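Engineer: Residue numbers (my numbering), protein chains in the order written: chain A, 14 to 303; chain B, 14 to 303; chain C, 8 to 255; chain D, 28 to 232.
Quick caveat, the hints were computed from the structure, so don't treat them as lab data. None of these values were measured; they are calculated from a predicted model. Using N, Cα and C, we set each Cβ at its ideal position, and we do this for glycine too. Just so you know, not all the hints are guaranteed correct.
Straight-line distance between alpha carbons at most 20 Å, and here's what the computed DMTMM-like set of lysine to aspartate or glutamate pairs gives [to be verified]:
#	chain 1	residue 1	chain 2	residue 2
1	D	LYS86	C	ASP95
2	D	LYS86	C	ASP164
3	D	LYS86	C	ASP224
Between beta-carbon pairs, the in silico distance windows are [claimed, not checked]:
#	chain 1	residue 1	chain 2	residue 2	range
4	B	HIS84	D	ARG65	57 to 67 Å
5	B	HIS84	A	GLU235	57 to 67 Å
6	D	HIS53	A	ASP71	25 to 35 Å
7	A	ALA283	B	PHE156	30 to 40 Å
8	D	PRO49	B	GLY148	34 to 44 Å
9	B	THR247	A	GLU201	18 to 28 Å
10	C	VAL144	B	ASP145	51 to 61 Å
11	D	THR210	C	PRO18	35 to 45 Å
12	C	THR217	B	GLY148	50 to 60 Å
13	D	PRO49	B	GLU127	14 to 24 Å
14	C	LEU186	D	ARG162	11 to 21 Å
15	D	GLU67	C	PRO225	51 to 61 Å
16	B	THR247	A	LEU290	52 to 62 Å
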Amino acid sequence: MSHLSLEASQVVMSFAGRPVLDGVCLSVPGGSRTALLGANGSGKTTLLRVLSGALRPDAGEVLVDRAPLRHSRSGLTQHRQQVQLVVQDPDDQLFSADVRRDVAFGPLNLRLPEAEVIERVDESLELLGITDLAGRPTHELSFGQRKRVAIAGALAMRPCLLLLDEPTAGLDPEGVDEMLVALTRLEEQGATVLIATHDVDLALAWSTQVAVVTRGRVLQGEPAALLGDADLATRARLRRPWVLELGDRLGLADGDPALTGVRDLDSLAAVIDRERLSASGSRAAREEGR
Amino acid sequence: MSHLSLEASQVVMSFAGRPVLDGVCLSVPGGSRTALLGANGSGKTTLLRVLSGALRPDAGEVLVDRAPLRHSRSGLTQHRQQVQLVVQDPDDQLFSADVRRDVAFGPLNLRLPEAEVIERVDESLELLGITDLAGRPTHELSFGQRKRVAIAGALAMRPCLLLLDEPTAGLDPEGVDEMLVALTRLEEQGATVLIATHDVDLALAWSTQVAVVTRGRVLQGEPAALLGDADLATRARLRRPWVLELGDRLGLADGDPALTGVRDLDSLAAVIDRERLSASGSRAAREEGR
Amino acid sequence: MALDTAAWSSPWRHRSVADKAVLTLALLATTLLLPVWPTAALSAAAALIVLLGPARLAPTVLARSLRSPLLFIVLGAASVLVSVSWHDGPRVAITAQTSTQALTVLGRGVAGTLCVFVLAATTPMVDLLAGLRRARVPEACVEVASLVYRLLFVLLDTTRRIREAQAARLGLRDRRTTLRSAGTLSGTLLVRAWGRARRLEEGLAGRGYTGALPSLDPPGRVSIGFLGATVALVGVIVVVSLLGAGPR
Amino acid sequence: MHIAEGFLPPLHAAAWTVAAAPFVVHGARAVVRERRERPETTLLLAAAGAFTFVLSAIKLPSVTGSSSHPTGTGLGATLFRPPVMAFLSTVVLLFQALLLAHGGLTTLGANVFSMGVVGPWAGYAAWRLLCGRHRGLAIFTAFALADLATYCTTSVQLGLAFPDPVSGIAGGVVKFLGVFALTQVPLAVVEGLLGVLVLRLLADV
Numbered sequence: 014m015s016h017l018s019l020e021a022s023q024v025v026m027s028f029a030g031r032p033v034l035d036g037v038c039l040s041v042p043g044g045s046r047t048a049l050l051g052a053n054g055s056g057k058t059t060l061l062r063v064l065s066g067a068l069r070p071d072a073g074e075v076l077v078d079r080a081p082l083r084h085s086r087s088g089l090t091q092h093r094q095q096v097q098l099v100v101q102d103p104d105d106q107l108f109s110a111d112v113r114r115d116v117a118f119g120p121l122n123l124r125l126p127e128a129e130v131i132e133r134v135d136e137s138l139e140l141l142g143i144t145d146l147a148g149r150p151t152h153e154l155s156f157g158q159r160k161r162v163a164i165a166g167a168l169a170m171r172p173c174l175l176l177l178d179e180p181t182a183g184l185d186p187e188g189v190d191e192m193l194v195a196l197t198r199l200e201e202q203g204a205t206v207l208i209a210t211h212d213v214d215l216a217l218a219w220s221t222q223v224a225v226v227t228r229g230r231v232l233q234g235e236p237a238a239l240l241g242d243a244d245l246a247t248r249a250r251l252r253r254p255w256v257l258e259l260g261d262r263l264g265l266a267d268g269d270p271a272l273t274g275v276r277d278l279d280s281l282a283a284v285i286d287r288e289r290l291s292a293s294g295s296r297a298a299r300e301e302g303r
Numbered sequence: 014m015s016h017l018s019l020e021a022s023q024v025v026m027s028f029a030g031r032p033v034l035d036g037v038c039l040s041v042p043g044g045s046r047t048a049l050l051g052a053n054g055s056g057k058t059t060l061l062r063v064l065s066g067a068l069r070p071d072a073g074e075v076l077v078d079r080a081p082l083r084h085s086r087s088g089l090t091q092h093r094q095q096v097q098l099v100v101q102d103p104d105d106q107l108f109s110a111d112v113r114r115d116v117a118f119g120p121l122n123l124r125l126p127e128a129e130v131i132e133r134v135d136e137s138l139e140l141l142g143i144t145d146l147a148g149r150p151t152h153e154l155s156f157g158q159r160k161r162v163a164i165a166g167a168l169a170m171r172p173c174l175l176l177l178d179e180p181t182a183g184l185d186p187e188g189v190d191e192m193l194v195a196l197t198r199l200e201e202q203g204a205t206v207l208i209a210t211h212d213v214d215l216a217l218a219w220s221t222q223v224a225v226v227t228r229g230r231v232l233q234g235e236p237a238a239l240l241g242d243a244d245l246a247t248r249a250r251l252r253r254p255w256v257l258e259l260g261d262r263l264g265l266a267d268g269d270p271a272l273t274g275v276r277d278l279d280s281l282a283a284v285i286d287r288e289r290l291s292a293s294g295s296r297a298a299r300e301e302g303r
Numbered sequence: 008m009a010l011d012t013a014a015w016s017s018p019w020r021h022r023s024v025a026d027k028a029v030l031t032l033a034l035l036a037t038t039l040l041l042p043v044w045p046t047a048a049l050s051a052a053a054a055l056i057v058l059l060g061p062a063r064l065a066p067t068v069l070a071r072s073l074r075s076p077l078l079f080i081v082l083g084a085a086s087v088l089v090s091v092s093w094h095d096g097p098r099v100a101i102t103a104q105t106s107t108q109a110l111t112v113l114g115r116g117v118a119g120t121l122c123v124f125v126l127a128a129t130t131p132m133v134d135l136l137a138g139l140r141r142a143r144v145p146e147a148c149v150e151v152a153s154l155v156y157r158l159l160f161v162l163l164d165t166t167r168r169i170r171e172a173q174a175a176r177l178g179l180r181d182r183r184t185t186l187r188s189a190g191t192l193s194g195t196l197l198v199r200a201w202g203r204a205r206r207l208e209e210g211l212a213g214r215g216y217t218g219a220l221p222s223l224d225p226p227g228r229v230s231i232g233f234l235g236a237t238v239a240l241v242g243v244i245v246v247v248s249l250l251g252a253g254p255r
Numbered sequence: 028m029h030i031a032e033g034f035l036p037p038l039h040a041a042a043w044t045v046a047a048a049p050f051v052v053h054g055a056r057a058v059v060r061e062r063r064e065r066p067e068t069t070l071l072l073a074a075a076g077a078f079t080f081v082l083s084a085i086k087l088p089s090v091t092g093s094s095s096h097p098t099g100t101g102l103g104a105t106l107f108r109p110p111v112m113a114f115l116s117t118v119v120l121l122f123q124a125l126l127l128a129h130g131g132l133t134t135l136g137a138n139v140f141s142m143g144v145v146g147p148w149a150g151y152a153a154w155r156l157l158c159g160r161h162r163g164l165a166i167f168t169a170f171a172l173a174d175l176a177t178y179c180t181t182s183v184q185l186g187l188a189f190p191d192p193v194s195g196i197a198g199g200v201v202k203f204l205g206v207f208a209l210t211q212v213p214l215a216v217v218e219g220l221l222g223v224l225v226l227r228l229l230a231d232v
């Protein structure tokens, strides 16, 4: 896999006369980790479907490495080997009786020789740490397992870009951590990953850039800057990540809504500790000075 | 509505020979707010179904106000006027083409006079803030709206106890807040509310008691104590709420895993501020003393 | 489902089902029973005026919904137009008789379809089923039909998502894969439909479901004015048709 | 393809309605009885109806260039039995007429007769005759035959309504068979294959 960039340019999309996306521009640089945020019904999923080629926008374009996606049969076939979408409900994506057969579905459709199909299936299962599930019937799997099998199925297409709709929704906290580990692995293998999520804390901790869908448009930028913006949060029915909120409340950022470098519990604890140290340090210095 | 208590006593339940609940005891006092936590597949949903009367346990009992639930027709009819379960996927509960008809279903089954049915429907819609949806077709509603209609449908039965499976899953942050406001309203009306959730932060902030399902058993206790227990968190595939984690990291609790009184961002910020004040206060005192 | 969506937001949505059914059926009856010309043209025009006027159906929705029935009507009319025989070798011909007959089915088909739109674009299925309930159609049948309506949308959504997922993994690439995908899609759908039905049953049991689905149906108040207008409209069509067709 | 509204002469429309009525009433009776005895079947029946409706929206590989969809009558007949299919088809056809403008109200009887009576019974008969010998073949034949029988019946209905001025009813039927049924032969084969795939998947699950 090599790093490809993905771009939406002026995408307009409406359903039954109701506009959902109204001139969306989004740029996902190769090798980035993008978190897509937005309220229920804001058009996140629609945007993902447009990016994956499942929907043809009313206007505008989707570009992979600057080349516009053609909605012809061959154009889509090519696009689908580069961009894969994993939908929210794994049951929509698992339709074979057992795990191995399901993951093999894509490679078989690529008309690959059997040896390569098997290799890809094994590799995908391995990457998600579910090799032991290979022979299991799909309907016996737990929710978290089904989610990972669905990702393995997309992965077997060896996409350069992986779009995931709410990959952590419905998972228990440990399942969320495992999912993040799997996503990090994918990234190390060279895939560019974009996730749509409602979890602003996760978005801040995980992503290198954030895109917020609101009123049919997309705002995109540095995670701390965008997620720390209280006005934007209100407009987009989001809330600010708790580390930014707490940092702000404690006056750590000196008026800057986005504390530089703080993105998770560890970094926040470090900043607070440093502040304490410097407070006691200056006290100690002052005490010594007397 | 009056406050009733709900209890599970030594409940054993297995599916296809696989034990899911293995002697569960849970007590939900009237007027309490209980959060039920546990990993995917730990049996949370099964327990809710047993409590609601939908499943008959292999052994053990469900008691409402100390009276055991009888799984006869009349026993269940009575139980369902006291205990209502709202499942996770609203489409499993909404069967009518429009909102008003759907909410009216329960009261009609109670064979109430039409005027009272209408009164209950209006009241339920009002309580959830969805009066404007009354005439809308179910299939056109958004996910969050469908979730609230499902709750309204349960509410129209005027239960004393409301059990909700993942009421905030899949909602955007503002939707989560609105859901919590609605739950608080229900409680003010006299309903005892139990929710199953994966969100440990929400559990700490919202509940008056927490129950954790792990290995077929339930542990129940004070939210901060149970959720602050690192061992339990690992065993139950949970994580500790971030306020407890951060408080611990900052050494605020002096070795006590559960910081007394800290349950959300506001209380944590207050504690940190107080610590700062006392530090600078003691400094000032010391400085004055010299 | 554009017609159904239009019906939910139609300004005539809260008119009694009986009113709308009488108008539709009266128009249909005149179209089919009276001489085709000018009746078909008149009732088609009347239906169009009703749909685009007081019922405020969007012309684009009307045009889109007409497409598929038009295909059948045109294909059927073309078959009627051409006469085939094989007594002395296969022979194809168009005669005055066949062209008259083709025009007849064309006129009646288009007019009839438009008349049905009057009901379809103003009355959501639930109201219609409530009407059937009042008309003494067995409760069980009406209930099954109303559940079909709700599950329809849930299943259509599922179908769409599964098909997109199959397409994404190139499952619709050629005939062979498309057939295989259609097979797995149908099977998966059946399993999902079953599971949904079971869970829905449990969900309803919690609210006291015992097999019957009582429904809060708003009372349908028949409007004398509306019925009067219907009688007048159909009356005019009948009189004009009989006069217009008279000389022939 | 269902016969559009207004397409059949009133007498024919009435006659086909009368012909279909006993089957539908019989099916409806079965539904009423079933609900009285086992209330839980109401939801299963509804799921079957919704499934039958949605099935006709599934795209099959195109043979002639235009897109095509399964009729689903074969699947319905083997899974739910013909009497129930007569009732479910009526519901589905009514929905198709009003939601999608496929078919019509006065032609409902004729369409129910072809899709809800002849198709399912033909498929079911083939299934019962062959299932003892070869399962795959039985399914294939049941599905393909149910599909073909449906369209042949439609052609006969149209041929009876619009006999050819020269060659009479036979000519009319042949004409409509050529337009509506002949093009359906490859699609019937596809639907037969689909049936084999579906039932194999269901056997796996």
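Engineer: All the hints need checking, so say for each whether the structure fits it.
Structural biologist: Tested hints:
1. For a cut-off of 20 Å, the pair hint linking LYS86/D to ASP95/C is broken: about 43 Å separates their Cα positions.
2. Our distance criterion of 20 Å between C-alpha atoms is met by LYS86/D and ASP164/C, whose separation comes to about 15 Å.
3. Annotation: proposed proximity of LYS86/D to ASP224/C is violated, straight-line Cα distance about 37 Å (limit 20 Å).
4. A hinted range of 57 to 67 Å for the beta carbons of HIS84/B and ARG65/D is inconsistent with their spacing of about 19 Å.
5. Range check, HIS84/B to GLU235/A: about 58 Å between beta-carbon atoms, so the 57 to 67 Å window is met.
6. Range check, HIS53/D to ASP71/A: about 49 Å between beta-carbon atoms, so the 25 to 35 Å window is missed.
7. Between ALA283/A and PHE156/B the C-beta distance comes to about 38 Å, which sits within the given range of 30 to 40 Å.
8. Between PRO49/D and GLY148/B the C-beta distance comes to about 39 Å, which sits within the given range of 34 to 44 Å.
9. Separated by about 26 Å at the C-beta atoms, THR247/B and GLU201/A satisfy the suggested range of 18 to 28 Å.
10. Checked against the hint of 51 to 61 Å, the C-beta distance between VAL144/C and ASP145/B comes to roughly 32 Å, which is inconsistent with it.
11. One distance hint, 35 to 45 Å for the beta-carbon pair THR210/D and PRO18/C, holds here, with the actual separation near 42 Å.
12. A hinted range of 50 to 60 Å for the beta carbons of THR217/C and GLY148/B is inconsistent with their spacing of about 27 Å.
13. About 37 Å separates the C-beta atoms of PRO49/D and GLU127/B, a value inconsistent with the hinted range of 14 to 24 Å.
14. Checked against the hint of 11 to 21 Å, the C-beta distance between LEU186/C and ARG162/D comes to roughly 19 Å, which is consistent with it.
15. Separated by about 29 Å at the C-beta atoms, GLU67/D and PRO225/C break the suggested range of 51 to 61 Å.
16. Range check, THR247/B to LEU290/A: about 31 Å between beta-carbon atoms, so the 52 to 62 Å window is missed.
Of the numbered hints listed earlier, those contradicted by the structure are 1, 3, 4, 6, 10, 12, 13, 15, 16.
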